[in-house]
Amino acid sequence: MSTARRLDATRPVTLSIDGASVTVPAGSTILEACRSRGIDTPTLCFLENLAPVNVCRVCVVELEGARVLVPACSRPVEADMKIRTDSERVRLSRRMVLEFLASSVDLSLASDDVRRWMERYGADPSRYGPPAPPRAANERDNAGPGHHHAASAGAAANVVQPVKVDNDLYVRDYARCILCYKCVQACGVEAQNTFAIAIAGRGFDARVSTEFATPLPESACVYCGNCIGVCPTGALMFKSEHDLRGAGKWDESRQTVTDTICPYCGVGCTLELRVQDNAIVRVTSPLDHDVTSGHLCIKGRFGWQFVQNRPEE
Amino acid sequence: MFGAGGGTSSYRETEEANIILLWGSNAREAHPIYFHHVLRGIRNGARLVVVDPRRTVSAQWADAWLGLDVGSDVALANAMGREILAAGLENREFIGHATAKFDAYRDAVQKYTLEYAERETGVPASAIRDVAHAYAKAEKAQLCWTLGITEHHNALDNVFALINLALLTGHVGRWGSGVCPLRGQNNVQGGGDMGALPNKLPAGHDVENPASREQWERLWGAPIPHKRGWHLSRMFEEMEHGNLSALYVVGENPAQSEADQTRAMNLLEGLEHLVVQDMFLTRTGELAHVVFPAAASWCEDEGTVTSSERRVQRVRKALEPPGQARTDLEILVEIGRRFGVDLGSPVAERLWDEMRSLSPWHGGMSYRRLEAENGLQWPCPDESHPGSPFLHGRLWADPVGGPLAIFVPTEHEPPVERLTEDFPIRLTTGRRLDSFNTGVQTGGYSSPLRRGETLDIAREDGERLGIADGEVVRAVSRRGAVDVPVRYDETLRPGLAFMTLHFQDEVATNLLTIDATDPKSGTAEFKAAAIRIEKVAAPALVAR
Numbered sequence: 016m017s018t019a020r021r022l023d024a025t026r027p028v029t030l031s032i033d034g035a036s037v038t039v040p041a042g043s044t045i046l047e048a049c050r051s052r053g054i055d056t057p058t059l060c061f062l063e064n065l066a067p068v069n070v071c072r073v074c075v076v077e078l079e080g081a082r083v084l085v086p087a088c089s090r091p092v093e094a095d096m097k098i099r100t101d102s103e104r105v106r107l108s109r110r111m112v113l114e115f116l117a118s119s120v121d122l123s124l125a126s127d128d129v130r131r132w133m134e135r136y137g138a139d140p141s142r143y144g145p146p147a148p149p150r151a152a153n154e155r156d157n158a159g160p161g162h163h164h165a166a167s168a169g170a171a172a173n174v175v176q177p178v179k180v181d182n183d184l185y186v187r188d189y190a191r192c193i194l195c196y197k198c199v200q201a202c203g204v205e206a207q208n209t210f211a212i213a214i215a216g217r218g219f220d221a222r223v224s225t226e227f228a229t230p231l232p233e234s235a236c237v238y239c240g241n242c243i244g245v246c247p248t249g250a251l252m253f254k255s256e257h258d259l260r261g262a263g264k265w266d267e268s269r270q271t272v273t274d275t276i277c278p279y280c281g282v283g284c285t286l287e288l289r290v291q292d293n294a295i296v297r298v299t300s301p302l303d304h305d306v307t308s309g310h311l312c313i314k315g316r317f318g319w320q321f322v323q324n325r326p327e328e
Numbered sequence: 014m015f016g017a018g019g020g021t022s023s024y025r026e027t028e029e030a031n032i033i034l035l036w037g038s039n040a041r042e043a044h045p046i047y048f049h050h051v052l053r054g055i056r057n058g059a060r061l062v063v064v065d066p067r068r069t070v071s072a073q074w075a076d077a078w079l080g081l082d083v084g085s086d087v088a089l090a091n092a093m094g095r096e097i098l099a100a101g102l103e104n105r106e107f108i109g110h111a112t113a114k115f116d117a118y119r120d121a122v123q124k125y126t127l128e129y130a131e132r133e134t135g136v137p138a139s140a141i142r143d144v145a146h147a148y149a150k151a152e153k154a155q156l157c158w159t160l161g162i163t164e165h166h167n168a169l170d171n172v173f174a175l176i177n178l179a180l181l182t183g184h185v186g187r188w189g190s191g192v193c194p195l196r197g198q199n200n201v202q203g204g205g206d207m208g209a210l211p212n213k214l215p216a217g218h219d220v221e222n223p224a225s226r227e228q229w230e231r232l233w234g235a236p237i238p239h240k241r242g243w244h245l246s247r248m249f250e251e252m253e254h255g256n257l258s259a260l261y262v263v264g265e266n267p268a269q270s271e272a273d274q275t276r277a278m279n280l281l282e283g284l285e286h287l288v289v290q291d292m293f294l295t296r297t298g299e300l301a302h303v304v305f306p307a308a309a310s311w312c313e314d315e316g317t318v319t320s321s322e323r324r325v326q327r328v329r330k331a332l333e334p335p336g337q338a339r340t341d342l343e344i345l346v347e348i349g350r351r352f353g354v355d356l357g358s359p360v361a362e363r364l365w366d367e368m369r370s371l372s373p374w375h376g377g378m379s380y381r382r383l384e385a386e387n388g389l390q391w392p393c394p395d396e397s398h399p400g401s402p403f404l405h406g407r408l409w410a411d412p413v414g415g416p417l418a419i420f421v422p423t424e425h426e427p428p429v430e431r432l433t434e435d436f437p438i439r440l441t442t443g444r445r446l447d448s449f450n451t452g453v454q455t456g457g458y459s460s461p462l463r464r465g466e467t468l469d470i471a472r473e474d475g476e477r478l479g480i481a482d483g484e485v486v487r488a489v490s491r492r493g494a495v496d497v498p499v500r501y502d503e504t505l506r507p508g509l510a511f512m513t514l515h516f517q518d519e520v521a522t523n524l525l526t527i528d529a530t531d532p533k534s535g536t537a538e539f540k541a542a543a544i545r546i547e548k549v550a551a552p553a554l555v556a557r
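Chains B and S supply the protein sequences, listed in that same order. Going by my numbering, the first residue of the first sequence is number 16, and it counts up by one from there. Going by my numbering, the first residue of the second sequence is number 14, and it counts up by one from there.
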């Protein structure tokens, strides 16, 4: 687990990044070394409170002497490494990652960082052609090994499909899923240890799925929503937010975020209440808090409705 | 404990422990985010031991599950203590240095042999022995409990029996080793710390201690009663005796949360005057002469709460309260005004500063620091103090700073209500993951996990009684009866049944529970009633 990794400040390690000498504690990653220098390094599958899974490859850097580019998020620093973060090879690789994702996945709710990186690396998803037509509900879920067929020439293969709405608490919009694995990690060994979801399928058919793609109420899901808490693209979303967005009423300019403590058991989890028009619309917890590490249970995440079951005004 | 009413450890210590004992705690469901720390401990190599009559989802993560009979905790703990002594695994240095009355404890546990304990608890002697040895030999050991320990007629004895084990092995007062009650509600700890107990002033000061009292009287400019008040169970007794005729209930629903609901309802209905202050018109509110609609303290008001690791944290106002609801503080100030006392227009922060001016536990906890440091753990006596991740380090100091930690010998006393031919099934109660207490709050959201109240029993009992999974039966105790669907539950052994208190409007579980209370703490024995299960001939209506 990510918490097991220990930095050792008593053993500094010096390496070179883009020609400059950098010294960081032993056990640091190249990403941490880059960030200590203020180098804006793109990441998609990386999150501070999860162990790196190295799947998105957008953080790759060039390491002198290495045959392939290396993922900055997980590779520990070693003395005298020579790293280049902005070489042509790095720029091309990052551009391709961002282009492939943007041509196949709806990134419109991803953070502004993603748009900035796409601009910086000149990612142009439109060059793969117009999007192929959307899939029917569950079509991707039923894809067996070897089922994938390339989209017809001139159209960009993609994962567009209807939103899964199968309970009152949260929805799964896999047209927005970049397969960063964060939800799988949060549901699994990194936090919740419920293991309700995993990656099913291979290649372009790979997708996040419950066992046998059953609806959530029939799955092992316990609705902690810790998958929502780590999702970077809006693929996993509170139903309250989904409904407001659907009705065109989601308006971040009218929203506030207030920290408070969960009203239920005595553990004392910090809740960040996002409120619009005097109603809670989303609940998260800070990643850097000792008590929760950003994770909650069903009551903390969703059990607040009792303060706003108000008579129609 | 040892003079400070709070868990001794931080959650993070659980991640570094070698052994974690969850005793009468189903933290996976009742304290899920604490259990995340336990899971990290397991991944870091800790052994988890769960002591619970049910093989709960917490027990499913355990290396060892001690499935003791309900209410035999003291027998189990004393047998562990005896075994630790017999094997010479006690921490003699710590016992000699920091504790008192060890001899009395050693003598008291002599009769708790492994064989006796196996007979009384139903746990195999070898399992008791293994856990005793593992606990004593561990470098760092966490011992946590919840209502499985405290909702008994001998609640305090149960707690002492566990603390004795920690003293015997020196598993307290060090980083990684400690004893922790996991609190059931978000501010049980803080309420007690603030003096919302019959015998306490803030910061553990005793209301019957003149020196303590005088400090607070000076601060508040008002006299404080010299004698302790009554705890909740005592209040009901005094209603029965005609000595209590008016009750002011703030944020509690005793009409449904008290054991033996028929008795509780009768007594509440017999009051001359009942005032209820709550977010909702609860069942108790329906009985009230006056109802004050209150704002939600955790999101419509400012203040602090204190968690099971003694961490004081800020609650903040995120929403405007609905309708005429006012904050608890506003309501109290208005009542003061009606009594002719002008309490001004106090705000939470000013009251907090006033309180901490006299509390050595909270002295250094300004709102500014609480905000900047994600809360602080008491004691935090001054602004330069970093707060206290664990308590009682002083017991390892030389000389021990302050009084010695005292062994309190305890004896096994089985539940008040014995199983008989007429009432052969042991009914115990607890929480489910998605619900809370009488459901006043959790009833407000739509949980896909919720399936309503059931009488959970072992398949073997169902088949023996000819009752199918899902069949509506009548559960009968000496105090009442409810009709409820049966659910076969693999976590239960024959003779044990389980219900929650979450759906009191549909199935009033507390019609069955017994209000035998611990004379010292006032806690009722929610965990141990005796029932029988009757078949219901016609399609049954759900009891109201």
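Hints were generated in silico from the structure; no laboratory data involved. Just so you know, not all the hints are guaranteed correct.
[As the list claims (entries may be wrong)] The calculated EDC-like cross-link candidates involving lysine to aspartate or glutamate, where the alpha carbons are at most 16 Å apart (straight line), are:
(1) K330(S) <-> D292(B)
(2) K330(S) <-> D305(B)
(3) K548(S) <-> D482(S)
(4) K330(S) <-> E287(B)
Going through the hints against the structure:
Of the supplied pair hints, the one linking K330(S) and D292(B) holds, its CA atoms being roughly 14 Å apart against a limit of 16 Å. Note on K330(S) and D305(B): the hinted pairing is violated, with a Cα-Cα distance of about 23 Å set against a maximum of 16 Å. A threshold of 16 Å between alpha carbons decides the hint, and for K548(S) with D482(S) the separation of about 13 Å falls inside it, so the pair holds. At roughly 11 Å between alpha-carbon atoms, K330(S) and E287(B) fall within 16 Å of each other, so this suggested pair holds.
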